[in-house]
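**Q** Residues per chain, in single letters:
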Amino acid sequence: MEIREKICANLSAVKEMNPLIHHITNYVTVNDCANIVLALGGSPVMADELDEVAEMVGFASALVLNIGTLNSRTIASMLVAGQRAKELGVPVILDPVGVGATKLRTNTAEKLIRELKPEVIRGNMSEIKVLAGLEVAIKGVDSLADEQGSSMIARKLASQLGCVIAITGKTDVVSDGRQVCLLDNGHRILADVTGTGCMTTSLVGTFCGVTNDYFTAAVAGIISMGLAGEVAQASLRHGEGIGTFRGRLLDSIYNLTPETLAEEGKISYE
Amino acid sequence: MEIREKICANLSAVKEMNPLIHHITNYVTVNDCANIVLALGGSPVMADELDEVAEMVGFASALVLNIGTLNSRTIASMLVAGQRAKELGVPVILDPVGVGATKLRTNTAEKLIRELKPEVIRGNMSEIKVLAGLEVAIKGVDSLADEQGSSMIARKLASQLGCVIAITGKTDVVSDGRQVCLLDNGHRILADVTGTGCMTTSLVGTFCGVTNDYFTAAVAGIISMGLAGEVAQASLRHGEGIGTFRGRLLDSIYNLTPETLAEEGKISYE
Amino acid sequence: MEIREKICANLSAVKEMNPLIHHITNYVTVNDCANIVLALGGSPVMADELDEVAEMVGFASALVLNIGTLNSRTIASMLVAGQRAKELGVPVILDPVGVGATKLRTNTAEKLIRELKPEVIRGNMSEIKVLAGLEVAIKGVDSLADEQGSSMIARKLASQLGCVIAITGKTDVVSDGRQVCLLDNGHRILADVTGTGCMTTSLVGTFCGVTNDYFTAAVAGIISMGLAGEVAQASLRHGEGIGTFRGRLLDSIYNLTPETLAEEGKISYE
Numbered sequence: 001m002e003i004r005e006k007i008c009a010n011l012s013a014v015k016e017m018n019p020l021i022h023h024i025t026n027y028v029t030v031n032d033c034a035n036i037v038l039a040l041g042g043s044p045v046m047a048d049e050l051d052e053v054a055e056m057v058g059f060a061s062a063l064v065l066n067i068g069t070l071n072s073r074t075i076a077s078m079l080v081a082g083q084r085a086k087e088l089g090v091p092v093i094l095d096p097v098g099v100g101a102t103k104l105r106t107n108t109a110e111k112l113i114r115e116l117k118p119e120v121i122r123g124n125m126s127e128i129k130v131l132a133g134l135e136v137a138i139k140g141v142d143s144l145a146d147e148q149g150s151s152m153i154a155r156k157l158a159s160q161l162g163c164v165i166a167i168t169g170k171t172d173v174v175s176d177g178r179q180v181c182l183l184d185n186g187h188r189i190l191a192d193v194t195g196t197g198c199m200t201t202s203l204v205g206t207f208c209g210v211t212n213d214y215f216t217a218a219v220a221g222i223i224s225m226g227l228a229g230e231v232a233q234a235s236l237r238h239g240e241g242i243g244t245f246r247g248r249l250l251d252s253i254y255n256l257t258p259e260t261l262a263e264e265g266k267i268s269y270e
Numbered sequence: 271m272e273i274r275e276k277i278c279a280n281l282s283a284v285k286e287m288n289p290l291i292h293h294i295t296n297y298v299t300v301n302d303c304a305n306i307v308l309a310l311g312g313s314p315v316m317a318d319e320l321d322e323v324a325e326m327v328g329f330a331s332a333l334v335l336n337i338g339t340l341n342s343r344t345i346a347s348m349l350v351a352g353q354r355a356k357e358l359g360v361p362v363i364l365d366p367v368g369v370g371a372t373k374l375r376t377n378t379a380e381k382l383i384r385e386l387k388p389e390v391i392r393g394n395m396s397e398i399k400v401l402a403g404l405e406v407a408i409k410g411v412d413s414l415a416d417e418q419g420s421s422m423i424a425r426k427l428a429s430q431l432g433c434v435i436a437i438t439g440k441t442d443v444v445s446d447g448r449q450v451c452l453l454d455n456g457h458r459i460l461a462d463v464t465g466t467g468c469m470t471t472s473l474v475g476t477f478c479g480v481t482n483d484y485f486t487a488a489v490a491g492i493i494s495m496g497l498a499g500e501v502a503q504a505s506l507r508h509g510e511g512i513g514t515f516r517g518r519l520l521d522s523i524y525n526l527t528p529e530t531l532a533e534e535g536k537i538s539y540e
Numbered sequence: 541m542e543i544r545e546k547i548c549a550n551l552s553a554v555k556e557m558n559p560l561i562h563h564i565t566n567y568v569t570v571n572d573c574a575n576i577v578l579a580l581g582g583s584p585v586m587a588d589e590l591d592e593v594a595e596m597v598g599f600a601s602a603l604v605l606n607i608g609t610l611n612s613r614t615i616a617s618m619l620v621a622g623q624r625a626k627e628l629g630v631p632v633i634l635d636p637v638g639v640g641a642t643k644l645r646t647n648t649a650e651k652l653i654r655e656l657k658p659e660v661i662r663g664n665m666s667e668i669k670v671l672a673g674l675e676v677a678i679k680g681v682d683s684l685a686d687e688q689g690s691s692m693i694a695r696k697l698a699s700q701l702g703c704v705i706a707i708t709g710k711t712d713v714v715s716d717g718r719q720v721c722l723l724d725n726g727h728r729i730l731a732d733v734t735g736t737g738c739m740t741t742s743l744v745g746t747f748c749g750v751t752n753d754y755f756t757a758a759v760a761g762i763i764s765m766g767l768a769g770e771v772a773q774a775s776l777r778h779g780e781g782i783g784t785f786r787g788r789l790l791d792s793i794y795n796l797t798p799e800t801l802a803e804e805g806k807i808s809y810e
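Protein chains in written order, with this note's numbering: chain E, 1 to 270; chain W, 271 to 540; chain B, 541 to 810.
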């Protein structure tokens, strides 16, 4: 089956199966993540207490771990939830927000990767470079890295970790270590809104909840956000900006059809 | 006084008295809860630290406890705040989010009910069935339960616990153990947005801040959300969805008048 | 340089330099604070774990401390981050949300001021009166205090603490202990939305990230919010309210130009 058919089928499956997506995530963008999962057709649950995460992940079709506002309590919960997910065959999707900015973030991301072997890692170029052991300038949680060599880096890291690596940026790159897919949807205004990276990870997680083909799930999640960004941006009138855009972004995911997703994705292979 | 007159008077009272509604709530929908309380005419305060909650509840007209992202720290705070509320005669409104999904949630909800005897409990059919000791299929924090028998369950549990039980769903049910009221406002798109349940509880809490008639307060809160959902949904144009809807929902609560609330509520009695 | 030229230059500098603004803030309005910093042209980072805040503040151009949902864990982090900020010459901006409502808030605000000597403190009239040791009626986190004498209070407290004091209200007042500036932009609907105070502090923090003239930075931040509130309110049509307003507020900050900021600020001196 060609990838366009697969992502079309994946979105239909999300809408039919309403997969439960368990998040342990940051408190900055958590509401956006919950709403975007709902908009796509999934069912979000955010639960981070050590005493309940293993039980909660038992209901889930995917587990999204996002270290945006990590702390010692939630790191412990991520490890416990992740271990239970692995036992149950629930895919783990990691968003290593700000890795490289602080030792705590770097150590935590590395530990989560080592102990949980996530099925998908989605980050910006800076974050993925840090995980790949490359030199990179850091400024908080935003990427300063140029995107040169992103295909090679994605492929190599994916191969090394045995997972899918998704790098979002001007051109997005997804690799499972063998295939490398380049995605060219989106609009630069997406970088002007907080949480678009986190939301993309949540969309990827939602698609991972309905398929074992995590490469395709990552492609589907990233194209969904790119297309929604394009539609939302095109709808803006004079005087409108990121406030209106944020609402329209959710609208666009809510109205995204499997057919549109398949037809309008700008997909190429390296 | 007929119930329509009472809810009309209640909304006027909210707008005049701006009751302070202390919340110990989850970090997913907390911003929505704060804004909906403001939109109705109340004054929200979110404070969850053990060292200050007893003092803060001393200013409050109602205390809303929501276990959506409970943890050991905030559970302790809920108990202390709740005990102080009972001493002061401040009504306690409980939203048992996801009860039944994990032992922690079930034990916590049961403990809060046992120790605090909340004035109102608002949940979906699954949550209320769990509290009533009935069998129910669970999937995260969303309801899978059908709504058959909801009137009987609400009445029985209300009678047993000596409180008001409000079950929100396609048809909403409110009972104080004697009266049972069915409410038929709302639109199914409300289930596609995160936090509409939490926000309904916050609206109920706000009405509880201006009256001792918690049955009527629960009815008023639920109809407010239902009417706002109808107005917001009717305003959507082609291409709009839950992003725009969320904003319009707040708009509609903000513009809701006591007269509209009284006139357009679809209220029937069993 | 006249103040209008300075605030014009400050906004240009924000857009050019994208200063990183480290926040340790509350979970109610944190998303709004992140988005408003982005809308203005800055780069927000929210990190509150003791183990990483000192490192994170090393990348920052300003540190915003907001005690809206303080707890013992984040208070400790505020102190550590603040001490590191002082060592590095990074300005500290304090929002003493709800100070006076509970002993914890009052003690924490006083400790942060004593130990960190913030460059700017922004609060409402009640909060600033509490810090000035004056009598004031308290109700949760909203201001009940009338604004009489605000100029004198701002000047005196600024002089005493050696910092900039900004009091927001119907008329906003900014003083560095010598100059007192009165600002008359804004609209009362701003008080109907949660987080407009917090967002104002974040805007002030963002301007503090590009200048050492914190008096002007405070003026620029407050006028930005006032103007955005005016534009957003004027755009509302029949049936719209705080939901739509919130989005438009971000839109208006996003589209605010240095020239408009300079020209339309209603600035007077006492």
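Be aware that a few hints might be false.
As the list claims (entries may be wrong) - No more than 30 Å apart at the CA atoms, straight line, and that leaves these computed lysine-lysine pairs for BS3-like:
id, chain 1, residue 1, chain 2, residue 2
1, W, Lys381, W, Lys285
2, E, Lys86, E, Lys103
3, W, Lys373, E, Lys117
4, E, Lys15, E, Lys103
5, B, Lys696, E, Lys103
6, E, Lys103, B, Lys546
7, B, Lys546, W, Lys381
8, B, Lys643, E, Lys103
9, B, Lys710, E, Lys139
10, E, Lys170, E, Lys6
11, W, Lys409, E, Lys86
12, B, Lys651, B, Lys626
13, W, Lys381, W, Lys440
14, B, Lys626, E, Lys139
15, E, Lys170, B, Lys555
16, E, Lys117, W, Lys426
17, E, Lys6, W, Lys409
18, B, Lys679, E, Lys139
19, B, Lys555, B, Lys651
20, B, Lys710, W, Lys387
21, E, Lys15, W, Lys387
22, E, Lys139, B, Lys643
23, W, Lys276, B, Lys679
24, W, Lys387, W, Lys409
25, B, Lys657, W, Lys285
26, B, Lys651, W, Lys387
27, B, Lys679, W, Lys356
28, E, Lys86, W, Lys426
29, E, Lys15, W, Lys426
30, B, Lys657, W, Lys356
31, E, Lys111, W, Lys440
32, W, Lys440, W, Lys426
33, W, Lys285, B, Lys546
Keep in mind that the hints were calculated from the coordinates and are not lab data.
Since the structure is predicted, the reported quantities are computational estimates derived from the model, not experimental observations.
**Q** If a hint holds in the structure, say so; if it doesn't, say that too.
**A** Do the hints match the structure? See the list:
no., hint, in the structure
1, W:Lys381 <-> W:Lys285, "violated (34 Å)"
2, E:Lys86 <-> E:Lys103, "holds (26 Å)"
3, W:Lys373 <-> E:Lys117, "holds (28 Å)"
4, E:Lys15 <-> E:Lys103, "violated (40 Å)"
5, B:Lys696 <-> E:Lys103, "violated (43 Å)"
6, E:Lys103 <-> B:Lys546, "violated (38 Å)"
7, B:Lys546 <-> W:Lys381, "violated (58 Å)"
8, B:Lys643 <-> E:Lys103, "violated (35 Å)"
9, B:Lys710 <-> E:Lys139, "violated (37 Å)"
10, E:Lys170 <-> E:Lys6, "holds (24 Å)"
11, W:Lys409 <-> E:Lys86, "holds (19 Å)"
12, B:Lys651 <-> B:Lys626, "holds (15 Å)"
13, W:Lys381 <-> W:Lys440, "holds (29 Å)"
14, B:Lys626 <-> E:Lys139, "holds (19 Å)"
15, E:Lys170 <-> B:Lys555, "holds (20 Å)"
16, E:Lys117 <-> W:Lys426, "violated (49 Å)"
17, E:Lys6 <-> W:Lys409, "holds (27 Å)"
18, B:Lys679 <-> E:Lys139, "violated (40 Å)"
19, B:Lys555 <-> B:Lys651, "violated (34 Å)"
20, B:Lys710 <-> W:Lys387, "violated (42 Å)"
21, E:Lys15 <-> W:Lys387, "violated (40 Å)"
22, E:Lys139 <-> B:Lys643, "violated (37 Å)"
23, W:Lys276 <-> B:Lys679, "holds (27 Å)"
24, W:Lys387 <-> W:Lys409, "holds (27 Å)"
25, B:Lys657 <-> W:Lys285, "violated (40 Å)"
26, B:Lys651 <-> W:Lys387, "violated (38 Å)"
27, B:Lys679 <-> W:Lys356, "holds (19 Å)"
28, E:Lys86 <-> W:Lys426, "violated (42 Å)"
29, E:Lys15 <-> W:Lys426, "violated (36 Å)"
30, B:Lys657 <-> W:Lys356, "violated (40 Å)"
31, E:Lys111 <-> W:Lys440, "violated (45 Å)"
32, W:Lys440 <-> W:Lys426, "holds (20 Å)"
33, W:Lys285 <-> B:Lys546, "violated (42 Å)"
Hints 1, 4, 5, 6, 7, 8, 9, 16, 18, 19, 20, 21, 22, 25, 26, 28, 29, 30, 31 and 33 from the earlier list are contradicted by this structure; the remaining hints agree with it.
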